[in-house]
Amino acid sequence: MKINFTINGNHICLDIDPMRRLIDVIRNDLGFTGTKEGCGEGECGACTILLDGKPVTSCILNVIHADGKEILTAEGIAQKPIGKLLIDCFDETNAVQCGFCFPGFLVVSYYYLISDGEPSLKKIKSALSGNICRCTGYKKIFESVMLACERKPRMNTNEHE
Amino acid sequence: MKFYKPTSIPDLFRISEEIEGKKYFLAGGTDINVQIKNGIIKDEPVIFINHLNELKGIKESEDIILIGTLTTYKEIIESDLLRKVLPFFQNSLKSFASPILQTMATIGGNIANGSPTADVTPLLLVLDAKLKLFSKSRIREVKLSEFFTGYKEFILKANEIIGAILIPKNAETGFDTFFEKVGSRKSLTIAKLEIAGLKRLKNNKIEEIKIAAGALNEYPRRLHKLEEFLTGKDIDRIDFSQVEEILNREITPISDLRSDKEYRLQVSFNLIQSFILN
Ligand SMILES: Cc1cc2nc3c(=O)[nH]c(=O)nc-3n(C[C@H](O)[C@H](O)[C@H](O)COP(=O)(O)OP(=O)(O)OC[C@H]3O[C@@H](n4cnc5c(N)ncnc54)[C@H](O)[C@@H]3O)c2cc1C
Ligand code: FES
Ligand code: FES
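Here the protein sequences come in this chain order: A and B.
Just so we're aligned: 166 in our numbering is position 126 of the first sequence, and the numbers increase by one with no gaps anywhere.
Just so we're aligned: 84 in our numbering is position 91 of the second sequence, and the numbers increase by one with no gaps anywhere.
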């Protein structure tokens, strides 16, 4: 079956089994290996991407769910000013150890920054509650996102996507 | 696995009727894909429905709120209409899984998956919700309380789908409300048990009370015997040993990997007691 979508700005048309897992198509067919597979059951958030601007776990979606839509993965976000800001903040706070969970945290933190962005620990915790980190623990991760929220208003860009 | 993407609702039923035997309707996919991974779904045909816009959205008529089956939890939690009309229902669903899952999971999929732990069902039961079931040639309305018949069993016919959920607009008006989901962590947790309740007091007496339990029987259900016992009682003079006895006859919790039977009995009694007294 023919399926169309854009991923990180590239238009893609695939003739593909529509039940293939979206994560497999993103990683294996299209080479965006920033998206990671942890649990494969929707529990850990490592495979999170933005689908039409909203965070979803790509391991429990089928490629048909992306038909006609827009995908943004960690690679795409890393190119955006707010993505870069977040990466700097995670770096400064030493919030990343093995890094396996990081693409997922980057995606949900990016969504939080563009959809809300209030430097509120309570809100950040809730926004990140679908993601698991097995190394660093969450304190530094929350601190990183908090720092990004505080710095964002000072940025020159008017980025909303 | 065979895959179909209907172009409309009539097309959906045409396709569905041509397929004999077991088939799945792919909505958000959050249950189906886990079941595929775990080998519970093998190669049964799948009909995609998640793109059918007629099955999405929240509408109001004079006395009913209609929630299309494909409405996601995120849409429910963010709905201005529900914030105004059914705030208890809306607030209670904020504990569903995580914000990510709320974006993907549909309300109809939650009910149709049939798990005894489905978050939404006890809430809908105390709100006296109905389901609108669609098939090729007819639409029927059934009370949610009459939908389930056993563990993961319900009255949905082979080529019938859940089309919408109907909730009376005044379902929670004038009631004290209660919803407690007990799990092992706050986020992404499957309930060990759930209690939903509505009560209305007059002169310290229980004028009306509705209690529903999830994960405590083969399917979520109202505790009618307990409701009957409590109706008309003065809340300062309730014999809670009797409440416990009735409750223990009305729920049949099991021990499984999430919890054991004794814990479920004790905690559900404690919750119901605090619901009645507070
Ligand atoms: C990590 C994780 C956390 C979860 N947390 C929770 C939680 O906190 N609480 C909770 O209750 N559930 C939870 N779930 C379960 C699941 O997300 C919900 O049951 C969800 O609402 C299912 O909806 P869906 O659209 O994804 O269903 P799908 O997976 O698309 O379908 C589920 C089933 O329903 C059938 N179906 C779907 N729509 C219809 C219809 N309109 N008519 C007839 N049949 C239909 C399908 O054939 C299938 O059998 C969780 C799941 C995961 C993976
Ligand atoms: S790999 Fe998708 S949520 Fe864990
Ligand atoms: S840094 Fe290793 S899992 Fe988070």
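These are computed hints drawn from the structure, not numbers from a lab.
Hints are supplied without guarantee of correctness; some may be wrong.
Claimed, not checked - Distance condition first, Cα-Cα at most 27 Å in a straight line; then the derived DSS-like pairs of lysine-lysine: (1) A:Lys42 - B:Lys15; (2) A:Lys162 - B:Lys254; (3) A:Lys163 - B:Lys87; (4) B:Lys(-5) - B:Lys150; (5) A:Lys109 - B:Lys150; (6) B:Lys30 - A:Lys94; (7) A:Lys42 - B:Lys(-2); (8) B:Lys254 - B:Lys52; (9) B:Lys(-5) - A:Lys109; (10) A:Lys94 - B:Lys150; (11) B:Lys145 - B:Lys35; (12) B:Lys125 - B:Lys16; (13) A:Lys94 - B:Lys87; (14) A:Lys109 - B:Lys52; (15) A:Lys94 - B:Lys77; (16) B:Lys226 - A:Lys165; (17) B:Lys35 - B:Lys77; (18) B:Lys15 - A:Lys163; (19) B:Lys16 - B:Lys87; (20) B:Lys(-5) - A:Lys192; (21) A:Lys42 - B:Lys162; (22) B:Lys145 - A:Lys42; (23) A:Lys109 - B:Lys254; (24) B:Lys145 - A:Lys165; (25) B:Lys198 - A:Lys42; (26) A:Lys42 - B:Lys35; (27) B:Lys77 - B:Lys67; (28) B:Lys145 - A:Lys109; (29) A:Lys179 - B:Lys150; (30) A:Lys120 - B:Lys67; (31) B:Lys145 - B:Lys77.
Bear in mind the structure is a predicted one, so any value in this text is a computation, not a measurement.
Checked hints:
Between Lys42 of chain A and Lys15 of chain B, the direct Cα distance comes to roughly 26 Å. Compliance with the 27 Å bound is thereby established for this hinted pair. Only pairs whose Cα atoms come within 27 Å are accepted, and Lys162 of chain A paired with Lys254 of chain B is rejected, the gap being roughly 34 Å. For the suggested pair Lys163 of chain A and Lys87 of chain B, the alpha carbons sit about 13 Å apart, so the restraint of at most 27 Å is met. For a cut-off of 27 Å, the pair hint linking Lys(-5) of chain B to Lys150 of chain B stands: about 21 Å separates their Cα positions.
Between Lys109 of chain A and Lys150 of chain B, the direct Cα distance comes to roughly 33 Å. Violation of the 27 Å bound is thereby established for this hinted pair. Of the supplied pair hints, the one linking Lys30 of chain B and Lys94 of chain A holds, its CA atoms being roughly 24 Å apart against a limit of 27 Å. Of the pairs offered as hints, the one joining Lys42 of chain A and Lys(-2) of chain B holds, with about 12 Å between alpha carbons and a cut-off of 27 Å not exceeded. A threshold of 27 Å between alpha carbons decides the hint, and for Lys254 of chain B with Lys52 of chain B the separation of about 40 Å lies outside it, so the pair is violated.
For a cut-off of 27 Å, the pair hint linking Lys(-5) of chain B to Lys109 of chain A stands: about 23 Å separates their Cα positions. In summary, the hint linking Lys94 of chain A to Lys150 of chain B is not supported, as the alpha carbons are separated by about 34 Å, beyond the 27 Å threshold. Restraint check for Lys145 of chain B and Lys35 of chain B: satisfied, since their Cα atoms lie roughly 18 Å apart, inside the 27 Å limit. For the hint pairing Lys125 of chain B with Lys16 of chain B, the CA-to-CA distance comes to about 20 Å; that is within 27 Å, so the pair holds.
In summary, the hint linking Lys94 of chain A to Lys87 of chain B is supported, as the alpha carbons are separated by about 17 Å, within the 27 Å threshold. As the CA atoms of Lys109 of chain A and Lys52 of chain B are separated by approximately 25 Å, the hinted pair is consistent with the 27 Å bound. About 25 Å separates the Cα atoms of Lys94 of chain A and Lys77 of chain B, which keeps this hinted pair within 27 Å; it holds. Proposed proximity of Lys226 of chain B and Lys165 of chain A is contradicted: the alpha carbons are some 43 Å apart, above 27 Å.
Taking the CA atoms of Lys35 of chain B and Lys77 of chain B, the gap is about 43 Å. The hint is violated against a cut of 27 Å. Between Lys15 of chain B and Lys163 of chain A the CA atoms are separated by roughly 43 Å; this puts the pair beyond 27 Å, and the hint is violated. As the CA atoms of Lys16 of chain B and Lys87 of chain B are separated by approximately 31 Å, the hinted pair breaks the 27 Å bound. Of the supplied pair hints, the one linking Lys(-5) of chain B and Lys192 of chain A is violated, its CA atoms being roughly 48 Å apart against a limit of 27 Å.
With a CA separation close to 43 Å, the supplied pair Lys42 of chain A and Lys162 of chain B exceeds the 27 Å bound. For the suggested pair Lys145 of chain B and Lys42 of chain A, the alpha carbons sit about 35 Å apart, so the restraint of at most 27 Å is broken. The suggested pairing of Lys109 of chain A with Lys254 of chain B is violated, with an alpha-carbon distance near 46 Å, which exceeds 27 Å. For a cut-off of 27 Å, the pair hint linking Lys145 of chain B to Lys165 of chain A is broken: about 34 Å separates their Cα positions.
Of the supplied pair hints, the one linking Lys198 of chain B and Lys42 of chain A is violated, its CA atoms being roughly 64 Å apart against a limit of 27 Å. The suggested pairing of Lys42 of chain A with Lys35 of chain B holds, with an alpha-carbon distance near 23 Å, which does not exceed 27 Å. As the CA atoms of Lys77 of chain B and Lys67 of chain B are separated by approximately 16 Å, the hinted pair is consistent with the 27 Å bound. As the CA atoms of Lys145 of chain B and Lys109 of chain A are separated by approximately 33 Å, the hinted pair breaks the 27 Å bound.
Restraint check: the Cα-Cα separation between Lys179 of chain A and Lys150 of chain B comes to about 50 Å, which exceeds 27 Å; the hinted pair is violated. Restraint check for Lys120 of chain A and Lys67 of chain B: the C-alpha separation of about 26 Å stays at or below 27 Å, so the hint holds. Between Lys145 of chain B and Lys77 of chain B, the direct Cα distance comes to roughly 33 Å. Violation of the 27 Å bound is thereby established for this hinted pair.
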